[in-house]
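4 protein chains.
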Amino acid sequence: MPFDIKDPNYKEKIEDSFYRQDFMNLMGVKLTRVEPGFVEVQLDYKDDLTQQHKYFHGGVIGALADTVGGYAAFTLTPPDSTVLSVEYKLSFLNPGDGEKLIARGEVIKAGKKLSTCSANAYVVKDGLEKICATALVTIMNFYNKSDH
Amino acid sequence: MPFDIKDPNYKEKIEDSFYRQDFMNLMGVKLTRVEPGFVEVQLDYKDDLTQQHKYFHGGVIGALADTVGGYAAFTLTPPDSTVLSVEYKLSFLNPGDGEKLIARGEVIKAGKKLSTCSANAYVVKDGLEKICATALVTIMNFYNKSDH
Amino acid sequence: MPFDIKDPNYKEKIEDSFYRQDFMNLMGVKLTRVEPGFVEVQLDYKDDLTQQHKYFHGGVIGALADTVGGYAAFTLTPPDSTVLSVEYKLSFLNPGDGEKLIARGEVIKAGKKLSTCSANAYVVKDGLEKICATALVTIMNFYNKSDH
Amino acid sequence: MPFDIKDPNYKEKIEDSFYRQDFMNLMGVKLTRVEPGFVEVQLDYKDDLTQQHKYFHGGVIGALADTVGGYAAFTLTPPDSTVLSVEYKLSFLNPGDGEKLIARGEVIKAGKKLSTCSANAYVVKDGLEKICATALVTIMNFYNKSDH
Numbered sequence: 001m002p003f004d005i006k007d008p009n010y011k012e013k014i015e016d017s018f019y020r021q022d023f024m025n026l027m028g029v030k031l032t033r034v035e036p037g038f039v040e041v042q043l044d045y046k047d048d049l050t051q052q053h054k055y056f057h058g059g060v061i062g063a064l065a066d067t068v069g070g071y072a073a074f075t076l077t078p079p080d081s082t083v084l085s086v087e088y089k090l091s092f093l094n095p096g097d098g099e100k101l102i103a104r105g106e107v108i109k110a111g112k113k114l115s116t117c118s119a120n121a122y123v124v125k126d127g128l129e130k131i132c133a134t135a136l137v138t139i140m141n142f143y144n145k146s147d148h
Numbered sequence: 001m002p003f004d005i006k007d008p009n010y011k012e013k014i015e016d017s018f019y020r021q022d023f024m025n026l027m028g029v030k031l032t033r034v035e036p037g038f039v040e041v042q043l044d045y046k047d048d049l050t051q052q053h054k055y056f057h058g059g060v061i062g063a064l065a066d067t068v069g070g071y072a073a074f075t076l077t078p079p080d081s082t083v084l085s086v087e088y089k090l091s092f093l094n095p096g097d098g099e100k101l102i103a104r105g106e107v108i109k110a111g112k113k114l115s116t117c118s119a120n121a122y123v124v125k126d127g128l129e130k131i132c133a134t135a136l137v138t139i140m141n142f143y144n145k146s147d148h
Numbered sequence: 001m002p003f004d005i006k007d008p009n010y011k012e013k014i015e016d017s018f019y020r021q022d023f024m025n026l027m028g029v030k031l032t033r034v035e036p037g038f039v040e041v042q043l044d045y046k047d048d049l050t051q052q053h054k055y056f057h058g059g060v061i062g063a064l065a066d067t068v069g070g071y072a073a074f075t076l077t078p079p080d081s082t083v084l085s086v087e088y089k090l091s092f093l094n095p096g097d098g099e100k101l102i103a104r105g106e107v108i109k110a111g112k113k114l115s116t117c118s119a120n121a122y123v124v125k126d127g128l129e130k131i132c133a134t135a136l137v138t139i140m141n142f143y144n145k146s147d148h
Numbered sequence: 001m002p003f004d005i006k007d008p009n010y011k012e013k014i015e016d017s018f019y020r021q022d023f024m025n026l027m028g029v030k031l032t033r034v035e036p037g038f039v040e041v042q043l044d045y046k047d048d049l050t051q052q053h054k055y056f057h058g059g060v061i062g063a064l065a066d067t068v069g070g071y072a073a074f075t076l077t078p079p080d081s082t083v084l085s086v087e088y089k090l091s092f093l094n095p096g097d098g099e100k101l102i103a104r105g106e107v108i109k110a111g112k113k114l115s116t117c118s119a120n121a122y123v124v125k126d127g128l129e130k131i132c133a134t135a136l137v138t139i140m141n142f143y144n145k146s147d148h
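Protein chains in written order, with the numbering used here: chain B, 1 to 148; chain C, 1 to 148; chain S, 1 to 148; chain Z, 1 to 148.
What the hints contain is simulated information worked out from the structure, not anything from laboratory work.
Chain copies aren't distinguished; within one or between two, either way the pair holds.
Quick list of in silico lysine-lysine cross-link-like pairs, DSSO-like style, CA-CA up to 27 Å:
1) 46 / 30
2) 100 / 125
3) 109 / 54
4) 145 / 125
5) 125 / 30
6) 145 / 46
7) 6 / 109
8) 112 / 6
9) 6 / 113
10) 125 / 109
11) 130 / 6
12) 54 / 30
13) 113 / 125
14) 113 / 145
15) 145 / 130
Since we're looking at a predicted model, the values are computed, not measured.
Full structure from sequences and hints, please.
Structure representation (structure tokens):
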């Protein structure tokens, strides 16, 4: 489904906003792809990101899912807008057992006030990608309001 | 609703497990209350935990909600058991604008295979507690399986 | 938490709207309580409402939860407004085994654009009420728009 | 993703179970496709299925989503098994404005104890299909237990 691009500088907007999230920097998340209605991030394993069985913590996976959902919606809003998560729902499918996490967010419906996004998280082990969580994310769009 | 306590050492079990989650230590989360079917954690503000508007990141709030849901369920399982999050759903109610987060998880239904928990997150600003998110968390219980 | 009442005729508004939902009439749902930020409905058992084990169908329980969430939010909006469900999440806690369902919706946060509600469904068996499902419901408020 | 078929009579099993749900018959839902890990149902418009604006009621849409999620999981379980919905989360994307609803459920992860399914509902207007809701559904599998 081709999306209408309202901000020609959406890539710069997303990159600028993304790295102003100190929590993403604390975890070490990298923004790896930005397309209209789509965002991908990656995160290498480190012990600091684990739960008690030394897998990626569910909270890390949830944070990535929430983030890629929000930024996927943000690719489609006009200049001088910002977004906020309203809610998300995350189902864990497989343990976060691997050397890297990849999360991909995609807009399902870009509404005026609200956007609904799907977000999937994958764990990479020995180079093989396996889905570890899937989420639905509701995002509210705010206009005439800076993201800064 | 009074719960049946199957592990007399549930407090030690929770404390031991909680601090083996490196991700909780990275964020600086403290376990502040453990009761049958109930767990509370607290987390002081630091820049490392913020999103682009310098509020607590939604991913931090979600991680706390997921965690207190899981540990609330874990207070009620027998020795030699462990728990895993199946899924959670989180609604954001107010921005995470304050000096501290408190999250409280509570078991709604303690089933044999699955437990359903409610988790609420509060942000404390100038000493006043305000709800910032509410979640429902589904937890799977595993028996004859170590948490280590 | 006391709510601000913006429509003094909120009870009439809810009753009028509720019974214009043909699907509620098909199932036989009765609106039994309307308070600021709170709505209760009841539904007597009949075979037509069952799943394959002859319990109340999960879809019936979900429909009641969605409905009481929406109407709880609608009690708090001004005249010339209407509401729409954005999303809901429902956890089943016990089978719908009984002679009656009761669902109660309650506003957790009454926002300008969105309201977040909690909805619980109870099954009554031999006169005893038991929770069978709990839900979180997100409702969008529309102003200067008729509910008709 | 090809699924392992554990019950060669899965189609008959699903059809038999589906039409024993009196609530589906009350609404008039037809089971239109059954594949391994996939189920589709259809429902023609009638006034009895509407909310106050005469669109398909959200509760109807939710009931279909829940149902196709559960039956998609049920296609993959062995003989002498049954399934139960644990929880579902549904996001409404467009109003249920049309002459027919179609809901399609698909297994994302077929686990031993739990299966996670995605369910999408479409409204058909003037012959054109448009997505109206998307859901994630968690299903519990029970073995050595009859569906009757």
